[in-house]
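Listed here are the chains, written in short residue letters.
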Amino acid sequence: MKILIIEDEKELRETLVESLEKELYVVETAATFDSADEKISMYDYDCILLDIMLPDGNGLNLLTKLKELGKSENVIIISAKNSLDDKVGGLALGADDYLTKPFHIAELNARIKAVFRRKILDGKNSIHLGNIALDLDERLFRVDDTIIHLNRKEFDILKYFLLNKNRLVRKTVLAEHIWGDNIDEADNFDFIYYQIKNLRKKLHESNATITLESVYGVGYKLVEL
Amino acid sequence: MKLLNRSLAYLSLAFLLIIGVWSVVFYYNLKDEIRDSIDDGLDNNRILIINKIQSDSTLLFQQEFGGNNFKIRPVSKRGALQFTDIYKDTLMYRVNEDDLEPVRILHSAFEFRGRFFSLSVISSLVEEDDLVEDAFWSVVWLFVILIFTIAVVNNVVLRRVWNPFYDILNQLKAYRLSHESSTIDVSTNIKEFSELQKASNALIEHSKETYLSQKQFIENASHELQTPLAIIINKLELLLESDNLNNSDANAIANVVTMAEKLSKLNKSLLLLAKIENRQFPNQELVCINSIGIEYKSNFQEFTNFKEIQITIEEVAKLEVKMDSFLAEMLISNLLKNAIVHNTKGGTIRLQFTAEELTICNTGSGVALNPKTMFNRFQKDAAKNDSTGLGLAICKVICDSYSIGIDYEFSDNQHCFTVNFNPNYSSE
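Just so you know, the protein sequences line up as chains A and B, in that order. The numbering of the first sequence is the working numbering, which starts it at 1 and goes up by one. The numbering of the second sequence is the working numbering, which starts it at 1001 and goes up by one.
So here's chain A without its partners, still in its complex pose:
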């Protein structure tokens, strides 16, 4: 999978590269509108992360350009502007998703995977790992073809972990993911802990080949046994 990061801020660009390389993607970068323009005309990418506020141009114009070139790259806009107009405008121009800065690495991973999944969707929308399968359309969790009941939040948590396989997901990130934006995370950690405990129990009892590992006490990581 080949990803192009268009972002003018050097530090952020490098952080994103480091994180995405952990997912074994091939990552290229562009720091300016012009270099991005050049890259998208010359090469094909599976996904483009696009900062729309570039020093030498509006990133939204790159979307138009892609359309003109007849390319159907998946574009995720990463913007500091939490502006509805930009969001609507960007999506109307063909972007696949809109992520507001600052975002969590786990969230970016999840969005990129969602975009890829949509792209290579071959009739079924499910995640397979080891002996488990998570059917995203039916919202069903199977271990060795046995359906294990998960409540809604447990399902969401497991899905998030599967999209961030082998990566640390912090408790605050989980809380925010489950509760949505604009929610203070006051006294949520007990709840998160409780959900993780239940989930671990269900994974263990069903002999799933995955488990949730605690990392330094700040979060969890989904690993294959």
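Since the hints were made in silico from the structure, they are not lab data. Just so you know, even glycine gets a beta-carbon here, dropped at the ideal spot from N, CA and C. Treat the hints with caution; some may be incorrect.
[As the list claims (entries may be wrong)] Partner residues are not named here, just some residues of chain A that face chain B (Cβ under 7 Å, in silico):
id : residue
1  : 18
2  : 80
3  : 102
4  : 153
5  : 172
Chain B: place on chain A using the hints.
Below, chain B alone, put in the same frame as chain A:
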């Protein structure tokens, strides 16, 4: 008081003064003129009588007025020589009126065949009190008719003249900075109005610039802060993924990330407050408050199950409101979250929807909140350190921006928030 009526009031005052003074002056002039002509008549009579005496000396014995309008009495020569003609006003008894009436009298003297006589000639005068009364009422009528005419002219003609003014006024009233409305355009060839229009447009232009630059500042502040925060958060997140950290280092890093996230959240919330206050949510759509409440109840279900909180929903009527749907959701979710977070284990929450009101009652700490400070920014429960303390402030600002009433009450160990969506409702 309307401008038309104000000018009418001033005009009435001026008319009252002018007509009052004018009528007094006119009255005295008229009276003088009348006296003058009566005096001429009396003088003429005197000459006629003296001439007639030459042929008819019996007239000399007319010592009283009787039926005639003169009397003649003999006087001494010395008396007669001292005499000058005098015109005087006096009162005389009139048989027909049975009253004393004003008359004009001329005292004179003449010589006839070596003898001297005094002669008094009278003429009846206009009855002054009647004249005054008549004149007064005519003046009053004149005044009333004038004012009435001016009022009619004002209201019919001037109103039409003032139309551009009212047009400009209405456009100004309807003007909203956040909308892409054009400048005021009223066609008028009256100089004052076109100047007013120009001044209004200049003011609008200036406010628009200020508004836009403020909006831009808010957006820039957001951008400039969010990118460094994104770098801090993402770098630390990557750092946390390295394998050679010890537990306490990892926790220290996690705490810093959490603080950076809190900073970002705070920044977002403050920007949101500013945006609401600047009315940058101009979308109006019909929002069903009931369904938002029900949706969020189910969103929070696992968490309320965990805290063993019972939520009951009471739908008396469908509550539909015209407002921005994002803000409506923000309002309801904040209130509901507030009721959950500040609840006790095994507590209850009651949501009631009526045609105008949403009431959220929850159990919680047995102490009432301070209604004076509870909606203030950064007002928070000392025990809940993680919250930004902006939740209720955001609710309040949303309510204020739509003139929605929000009240708090503590009774029966229940914290109750009542949101009244009727714009005519005024909270005490």
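Hint check:
1. 18: 6 Å, holds
2. 80: 4 Å, holds
3. 102: 3 Å, holds
4. 153: Result: holds, 4 Å to nearest chain B Cβ.
5. 172: 6 Å, holds
Checked against the numbered hints above, the structure breaks none of them.
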